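2 protein chains.
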Amino acid sequence: MSSAAVQYARQNHTRFLDELKALLRIPSISTLPENKDDCRKAAETLRNELTRIGMENARLIESEGHPLVYADWLHAAGKPTVLIYGHYDVQPSDPLDEWLAPPFEPVERDGNLYARGAADDKGQVVAQIKALESLMAANGKLPINVRVLFEGEEEVGGETIANYVASKPADLKADFALVSDTELFAPGLPTLCVGLRGMIYTELEVRGAKTDLHSGMYGGAAPNPFVSLCQIIARLKDENEHILIPGFYDDVVPPSPEELAAWRSLPFDEEEYRKKEVGSRQLVGEPGLSVLERTWARPTLDVHGMPGGFTGAGAKTVIPAKAMAKVSMRLVPNMTPARAFELYQSYVQKIAPAGVDVEVRLIHAGDACIVAVNNRYIQAATHALHEVWGKDTVFIRSGGSIPIVGDFDRHLGLPSVMMGFGLPDDNIHAPNEKFNLKNFELGIESVIRFLEEVGS
Amino acid sequence: MSSAAVQYARQNHTRFLDELKALLRIPSISTLPENKDDCRKAAETLRNELTRIGMENARLIESEGHPLVYADWLHAAGKPTVLIYGHYDVQPSDPLDEWLAPPFEPVERDGNLYARGAADDKGQVVAQIKALESLMAANGKLPINVRVLFEGEEEVGGETIANYVASKPADLKADFALVSDTELFAPGLPTLCVGLRGMIYTELEVRGAKTDLHSGMYGGAAPNPFVSLCQIIARLKDENEHILIPGFYDDVVPPSPEELAAWRSLPFDEEEYRKKEVGSRQLVGEPGLSVLERTWARPTLDVHGMPGGFTGAGAKTVIPAKAMAKVSMRLVPNMTPARAFELYQSYVQKIAPAGVDVEVRLIHAGDACIVAVNNRYIQAATHALHEVWGKDTVFIRSGGSIPIVGDFDRHLGLPSVMMGFGLPDDNIHAPNEKFNLKNFELGIESVIRFLEEVGS
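Protein chains in written order, with this note's numbering: chain A, 1 to 456; chain B, 1 to 456.
Please keep in mind that the hints were generated in silico from the structure rather than gathered at the bench.
These numbers were taken from a predicted model, which means no experiment stands behind them.
Even glycine gets a Cβ: it sits at the ideal position worked out from N, Cα and C.
A few of these clues could be false.
[Claimed, not checked] Computed from the model, here is a short list of chain B residues facing chain A with C-beta under 8 angstroms:
1) Gly-157
2) Thr-211
3) His-214
4) Gly-220
5) Gln-231
6) Glu-241
7) Val-278
8) Gly-279
9) Gly-285
10) Asp-302
11) Val-318
12) Lys-326
13) Ser-401
14) Ala-430
The shape of chain A in the complex, shown without the other chains:
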């Protein structure tokens, strides 16, 4: 079954891995202003790499944020055009002290490559590029027309790519998109993701006194913004994880009975998941719904941190003048970020305790989406995956959000093939992020065979 391109990929695996490591050494954390130059460096590295392997028109598309990377190769007359998407930015690496090795010094251990961004998403971006390189090196050409568009703001809302896609530029004209930012449902199980949650990421800021006050002198008279914030958050969802914002569930479309049945047949053990992946005393969530239903098809609300006040070691007896909470909500079809934010904001203002001012800010947002599974690209993908992995593809959703998938559909009319090679235990967004080395290898081969299949 192995094509010349697959052979090439196998022969060059060590070099491919070294090149991935080089990219992982660049701390391209998009949310931190101090890493702005690193983001540019990662973008330039990718642009240079795309040029080196034979892609054309490789360039950075500049913005106020981090640049997009574009390249194309459009010489497969009569063949479809793919728009290949990935992101070169990564999440912050804190808490640093929980990493077994420094986050930007990639190390191999137990068949995995550990580094921030290994699975999310540099490993997958490099797999795409190495597939293109292998095809080009083995055949002197690509089997279909290819456009590549990488972004550097996926972890911070993707404003630059969203604006660029919304402007419908000629150089994004394509027939479908290949998005590699998802994971296999289980090791060795080829997987296509066909549904994503949307999200709104917000900040709640509560202000009480005009300045920090001594909690001895003023305790009992001055409002405590942290207590007020806790009272607000405690009223956002109940202990069954049911969100208490009035009207929040109005637009929720439940999964079809067929989809639910397919999910039930997936190899998934909730107790195993609790023990191995989550590691908590017990799982939480809405009663009567499976974990997959709760994480894929139900809106959720999380608090990510509560900055402000005294956070050092020991004691400081202060009533802080203000407190903040980072709060996000995951959305499902057919909820919209605008409506969700409006409901949330007006509810928070309604329940705000006396004595404090509350501000609700939207940091970023993205739509939920569902992909139809009956198009030729999804079919070609399942064929390619069966060849490489020797198994039938499972169709899953993801609880995460890839807003660009909705944008590709809405603005460019492109169906997305979400073919990713991460694993559920890759610790993305957490300490000790990893990418399975075998998945990196088979990921490259999967993309090669997928493009060949579409072009055949």
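Let chain A serve as the given structure and place chain B on it in line with the hints.
Same frame as chain A, but now just chain B:
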């Protein structure tokens, strides 16, 4: 009326102020490990200064924490002995960006001296020392026997001095204590503090998953420790500031009708206090009780900060593995810290949401206390204060905690005269802490006249 010592103080005021500034330049923040050497430096400065002015046996008393400073002068045969107490440590200076000038570069502005520790408590400690220096310089001796004991852990629970006092050492044998760590009720109004709240300062730590998780992938299944913590805190007190811990109020002794009547006659306008001191939209607190009652004679609960999770700029979609809250409670007679902590801890464990582990840690604690007003030292103090300030003394309580006052009573049998010269708007524990320059001057004179009065 002015004694030779008072004359000396007035003549040397500029130098006294310079010496206070020098002490304020030492960032002796007791809670921060990186300022440990600064705390020692402040202690050594005070020891050297005590030796310089003619005190004897000046020395540091070492501990695992920050050293105590001791000195004495015991040549007033037949006269009482005072134990003079103050502290050289200060609160952290964050949030730094709200200071108009750097916290450890004292500046004079509008009749005030601005610096961290200016009022709490270095300005008052220096006032005590300068009173001793003036008495010694003017008369070649002191009017009564004097022991001085300064500590460097007042802001972090005072463990060293508590242990030292509890050991009842011979060199603390005295008749009464002079504690200068309080404030005037209003500018120009001589004030003795005769009641203090106690406290327990705690950390609540909530742990959910074994590691940080992606809120898209795991939102809806993994427990969110910040949400759990908010749910716990929201159940610690209601929106009327009533603490919901069962049994918490059982031991509360209300102030006497006479005390309440005296408080009502104090020059205090709650609306003015709200606007000028607190600056919040409205005050909070238990309905039907005055602000003074709420802050002096009722237990309260505050949250100082909630460390953990993501607190940077922008967005990180993480479900943190753990979250923490710094929570303290102020106690009133006859509550005990041990009992309050026990009730709090068992209540928190009882209401802890499913899926998370909760740990409750006691960081430090102090007893509430009430001082009898009919002893000869309080009487002498009111005479001295009348001379210096030209007004009758008011007796107030403080919402703050000075645990050592209870220790002096319990272990050494010493009544405390809490004669302090701060002002309610001194911003202690907050940005732009200040000490009124006139109060520094009259504070020195008040201590001089008080010691002369006791010795006469």
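These are the hints, each one checked on the structure:
no.: 1; hint: Gly-157; result: holds (7 angstroms)
no.: 2; hint: Thr-211; result: holds (5 angstroms)
no.: 3; hint: His-214; result: holds (4 angstroms)
no.: 4; hint: Gly-220; result: holds (4 angstroms)
no.: 5; hint: Gln-231; result: holds (5 angstroms)
no.: 6; hint: Glu-241; result: holds (7 angstroms)
no.: 7; hint: Val-278; result: holds (5 angstroms)
no.: 8; hint: Gly-279; result: holds (3 angstroms)
no.: 9; hint: Gly-285; result: holds (5 angstroms)
no.: 10; hint: Asp-302; result: holds (4 angstroms)
no.: 11; hint: Val-318; result: holds (5 angstroms)
no.: 12; hint: Lys-326; result: holds (6 angstroms)
no.: 13; hint: Ser-401; result: holds (6 angstroms)
no.: 14; hint: Ala-430; result: holds (4 angstroms)
Consistency note: the structure conflicts with none of the earlier hints.
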